[in-house]
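Working from the sequences, and respecting the hints, build out all of it.
If you read the sequences in order, they're chains A and B. If you want our numbering, it's the 1-based position in the first sequence plus 93. If you want our numbering, it's the 1-based position in the second sequence plus 93.
Some clues are possibly wrong.
For identical chains, the list gives no copy identity; a pair is met inside one copy or between any two copies.
To be verified - In silico SDA-like cross-links for lysine to any residue, where the CA-CA straight-line distance does not exceed 25 Å:
(1) Lys437 x Arg120
(2) Lys208 x Ala411
(3) Lys208 x Ala314
(4) Lys437 x Asn121
Note that these hints are calculated values from the structure, not bench results.
Given next are the chains, with one letter for each unit.
Protein chains: 2
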Amino acid sequence: MTQVYNFCAGPAMLPTAVMEQAQGEFRNWNDLNVSVMEVSHRSKDYIALANQAEQDLRDLLQIPDNYKVLFCQGGGRGQFAAVPLNLFGEKLEADYIITGQWAQSAAEEAKKHGKINQIDIRRETAQGQASLLESSEWPLNPNAAFVHYCPNETIEGLEISSIPDTGDVPLVADMSSTILSRPLDISQFGVVYAGAQKNIGPSGLALVIVRDDLIGKARQAIPSIFDYKVLAESDSMFNTPPTYSWYLAGLVFQWLKQQGGLSAMAEHNEAKAKLLYDYVDSSDFYQNKVDPQYRSWMNVPFQLVDESLNEQFLTESAAQGLLTLKGHRIVGGMRASIYNAMPKAGVEALVAFMDKFAKQHS
Amino acid sequence: MTQVYNFCAGPAMLPTAVMEQAQGEFRNWNDLNVSVMEVSHRSKDYIALANQAEQDLRDLLQIPDNYKVLFCQGGGRGQFAAVPLNLFGEKLEADYIITGQWAQSAAEEAKKHGKINQIDIRRETAQGQASLLESSEWPLNPNAAFVHYCPNETIEGLEISSIPDTGDVPLVADMSSTILSRPLDISQFGVVYAGAQKNIGPSGLALVIVRDDLIGKARQAIPSIFDYKVLAESDSMFNTPPTYSWYLAGLVFQWLKQQGGLSAMAEHNEAKAKLLYDYVDSSDFYQNKVDPQYRSWMNVPFQLVDESLNEQFLTESAAQGLLTLKGHRIVGGMRASIYNAMPKAGVEALVAFMDKFAKQHS
Chain A
94 MTQVYNFCAG PAMLPTAVME QAQGEFRNWN DLNVSVMEVS HRSKDYIALA
144 NQAEQDLRDL LQIPDNYKVL FCQGGGRGQF AAVPLNLFGE KLEADYIITG
194 QWAQSAAEEA KKHGKINQID IRRETAQGQA SLLESSEWPL NPNAAFVHYC
244 PNETIEGLEI SSIPDTGDVP LVADMSSTIL SRPLDISQFG VVYAGAQKNI
294 GPSGLALVIV RDDLIGKARQ AIPSIFDYKV LAESDSMFNT PPTYSWYLAG
344 LVFQWLKQQG GLSAMAEHNE AKAKLLYDYV DSSDFYQNKV DPQYRSWMNV
394 PFQLVDESLN EQFLTESAAQ GLLTLKGHRI VGGMRASIYN AMPKAGVEAL
444 VAFMDKFAKQ HS
Chain B
94 MTQVYNFCAG PAMLPTAVME QAQGEFRNWN DLNVSVMEVS HRSKDYIALA
144 NQAEQDLRDL LQIPDNYKVL FCQGGGRGQF AAVPLNLFGE KLEADYIITG
194 QWAQSAAEEA KKHGKINQID IRRETAQGQA SLLESSEWPL NPNAAFVHYC
244 PNETIEGLEI SSIPDTGDVP LVADMSSTIL SRPLDISQFG VVYAGAQKNI
294 GPSGLALVIV RDDLIGKARQ AIPSIFDYKV LAESDSMFNT PPTYSWYLAG
344 LVFQWLKQQG GLSAMAEHNE AKAKLLYDYV DSSDFYQNKV DPQYRSWMNV
394 PFQLVDESLN EQFLTESAAQ GLLTLKGHRI VGGMRASIYN AMPKAGVEAL
444 VAFMDKFAKQ HS
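Listed below in structure tokens is the structure:
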């Protein structure tokens with residue numbers, strides 16, 4: 094098979110070792126002579142798989158015992174609705190930190206259910222780089238039911254790496270594009286959620302990690318499949334879960350442990366990102382317009398200074414096996430998504446191609 | 094690989110030809126050198142797959158042009174909430190026909206959103222068989238926003254094979270366990286929906302077929318991922334869909350066409366069901382307690398007259414490669430789910446085993 098590196102922002106590439114194992118046991122899982130997707134979610138084999146996946150995730154993130162882990166359907170956007178429906182409680186207002194498209198989309202959905210204070214923290218540096226207001230300066234409402242933010246904006250390539258202090262107000266994070274990329278102190282959060290299709294597994298699964306005391310306060314009219322209490326009490330099996338996605342997520346968690354866990358992933362991801370940003374910064378041919386202190390490790394947007402070369406860049410990179418580098422239409426240019434599963438060799442191949450392309454056209 | 098027949102009620106077995114193809118192209122789909130689950134849902138390759146799957150489904154069910162097909166997350170239980178949130182409109186009451194556990198669960202969820210008239214049509218024949226009230230005698234409310242029913246009760250093995258006439262009131266059907274088992278006149282329905290994990294594909298996907306004029310009336314507070322209008326306008330890509338489940342559903346639709354379409358499936362399914370019911374009825378060792386005119390083609394519950402042999406029956410059948418025959422705890426005994434993917438040879442093997450077991454213990 095041709096060596097390719099897939100820079101898709103999501104659904105993203107999965108670790109090669111995971112895909113090899115899944116292909117091998119596709120039609121005969123656990124010596125049952127059937128596929129894992131053909132067994133009952135209530136069978137003892139499947140329940141063992143589900144429990145192991147949760148335990149591996151707990152080990153990786155060192156999730157405290159007073160947090161529940163839920164395996165849900167509906168993706169990140171499903172949680173955009175589930176979060177306010179579960180957390181508003183008696184209160185009817187919440188703070189939403191606006192950093193880009195995904196934070197904004199979460200706020201739009203939440204507006205259906207209560208008063209949303211949008212706090213736009215986007216700023217520009219003196220050099221015209223996209224930047225953010227320090228979290229210590231966020232004008233938070235002490236009466237908010239919760240504070241929602243998106244620590245990594247997949248489209249803009251902005252990341253907030255330190256955890257904001259919101260005092261007694263529960264902090265809720267959409268971690269879809271950054272979860273598992275490094276260690277995380279879960280105890281600082283009320284809820285962490287993430288769509289699977291970037292750093293966890295295939296699309297169709299969303300993870301929710303929620304503090305015990307925030308469960309059981311949902312609105313009466315919440316769809317049951319979104320009710321954290323219903324999901325927690327049924328071990329995420331109130332309805333048939335997306336069993337194959339859960340299985341693959343479990344393989345990814347095992348793979349992460351084999352890589353040395355999240356400290357090792359942090360080193361790996363930081364090194365990959367540094368390689369790419371350093372090259373872009375050293376070049377007159379490419380640019381990245383994000384303040385270095387808020388640059389994402391996971392999604393690296395970059396532009397060709399001469400945008401008339403964009404199509405040629407995309408055609409030639411794809412021909413070299415460097416796939417899906419086109420940037421989101423909102424930002425334009427290119428974007429390399431380099432989640433956990435992207436090996437360093439992929440970023441090295443990208444930089445080598447970029448350098449060759451730049452020399453040919455300078 | 095040992096020949097096994099998997100009678101699981103869901104997630105159910107998938108056609109062998111589909112699973113072979115999926116395994117073969119697991120890591121190299123469409124010559125892209127990546128898995129179909131690793132490509133963007135907005136890529137031209139994936140959109141072509143999505144469109145083809147929809148067209149094949151439209152061909153199979155002869156879906157009229159004034160119906161939209163939606164590929165959703167959240168399963169059948171997600172639609173239990175989505176149906177009332179989309180369809181109540183100005184009205185606040187709906188009729189729910191109660192035939193068993195699944196119809197009842199749909200009604201419980203709908204009660205969160207309006208007044209639900211539960212119409213329990215369960216009856217018993219003079220011989221003590223489970224039966225139902227003829228649909229012409231259902232006491233329907235002409236002011237209901239819609240009438241909801243579940244044509245096939247997976248647990249009880251009851252099926253309503255003719256379509257009730259609800260006049261101008263839109264008819265809504267949870268077809269999770271019977272869709273695609275035979276031809277269906279979609280024009281008689283307002284909404285047909287189905288969780289995928291029985292006759293469509295793996296869990297994590299739900300199909301909705303909805304008449305145009307019922308779209309766009311959702312409550313303001315509906316989660317966007319459940320809003321038929323949002324889904325219809327985005328070709329089911331408002332958020333990242335469960336791309337791998339959609340792909341497998343597409344392969345199943347192609348396989349159904351290759352089998353000769355739904356008329357051929359109806360013959361196939363009727364023959365399989367007849368084989369099993371005829372054997373059970375001819376036996377003093379086994380029984381099925383459902384009125385023959387309401388017996389399901391898809392889910393066949395049966396009991397050993399001597400229930401003390403249940404465990405032995407299950408152990409020995411499993412050893413013969415006849416898997417997952419244990420009945421639902423509500424009904425007890427055994428259940429053979431014989432969806433589209435179950436070959437006739439599987440039912441023949443089951444009957445042969447049942448007969449041998451009966452002779453050994455009579």
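**OP:** If the cutoff is 25 Å on CA atoms, where do Lys208 and Ala314 land: within, between, both or neither? Let me know, please.
**Re:** Answer is both: 18 Å inside a copy and 13 Å across each meet the 25 Å cutoff.
**OP:** Give the relationship of Lys437 and Arg120 under a CA distance limit of 25 Å: within one copy only, between copies only, both, or neither.
**Re:** between (32 Å within a copy, 20 Å between copies)
Subject >> Identical-chain pair category, Lys437 with Asn121, by Cα at 25 Å >> reply: Classified as between; 22 Å across copies, 33 Å inside a copy.
Subject >> Same-copy or cross-copy closeness of Lys208 to Ala411 [CA-CA at most 25 Å] >> reply: Cα proximity of Lys208 and Ala411: none, with 46 Å in one copy and 56 Å across.
Consistency note: the structure conflicts with earlier hint 2 alone.
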